[in-house]
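The task is simple: from the sequences and hints, build the whole structure.
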Amino acid sequence: MPERLKPLYMMFPESLIPYPPDASVPQGYQLRLYRDEDAPAVLKLLAGEGWGMEDGKYLDFLNHCLPEGLFLIVERESGEIVATGSALHNPQGGHYRFPFGGSIGYVVVHPEHRGKGLGELVTAVALRRLIRGGYRNIWIGTTDDRLPALKTYLKLRFVPFLYEPGMEDRWHLVHVQLNLPSLTREWIVPHDNKKTPRDQEASHV
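Read left to right, the sequence shown gives residues 221 to 425 (the numbering used here).
Hints listed in this document are in silico derivations from the structure and should not be mistaken for laboratory results. A few of these clues could be false.
As the list claims (entries may be wrong) - No farther apart than 27 Å at their CA atoms in a straight line, the calculated lysine-lysine pairs in the DSS-like style are these:
(1) Lys375 <-> Lys226
(2) Lys226 <-> Lys264
(3) Lys277 <-> Lys264
(4) Lys375 <-> Lys336
(5) Lys226 <-> Lys277
(6) Lys375 <-> Lys277
(7) Lys371 <-> Lys336
(8) Lys371 <-> Lys264
(9) Lys264 <-> Lys336
Written as structure tokens, this is what we have:
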């Protein structure tokens, strides 16, 4: 069995924090905040992406969400929740520690509603919420195969974070697959070696 690859991390450059990206709500959709009664629909949406959660894990996720930091997109015609994304207090990634860090987690768009900018929208509003909360180490964890998500994050000016050797080659391949230039001068290299144990998984990816 091939070794499982560690997650890809991206960071929002501190120099761009005064200039966060914006995104508009597409026609036919509504952006709103999470309510307690939304839990079953959100759990179903997450499970469809392979992120099934037991009660304890879901509660832990909610406990990491910033106040007014869990965003939903609703299709107006059906009233169904079709996308979600969250702003999380999350300094401890599975393979790297981001001091006083916040992450954007569990960005999911229902397959029938992809290609309409909904993932970009929930990511942008979650980023703005983290910035309003005073976060400066803002990161996202993802995997090599989630190319549409990676393209969205790059569009929003997140950049690769090279937290260990070998990451640069993986990021070059991602850029080739997306037909985008590898702007290596913008990629972020850690200033220290504060890594967590190697056998931990990334949290809230």
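How the hints compare with the structure:
1. Lys375 <-> Lys226: Holds: lysine 375 and lysine 226 sit about 23 Å apart, inside 27 Å.
2. Lys226 <-> Lys264: holds (26 Å)
3. Lys277 <-> Lys264: holds (14 Å)
4. Lys375 <-> Lys336: Holds, at roughly 14 Å.
5. Lys226 <-> Lys277: Holds, because 21 Å separates the two Cα atoms, which is no more than 27 Å.
6. Lys375 <-> Lys277: violated (31 Å)
7. Lys371 <-> Lys336: Holds, because 14 Å separates the two Cα atoms, which is no more than 27 Å.
8. Lys371 <-> Lys264: holds (25 Å)
9. Lys264 <-> Lys336: holds (21 Å)
The earlier numbered hint that this structure contradicts is number 6, and it is the only one.
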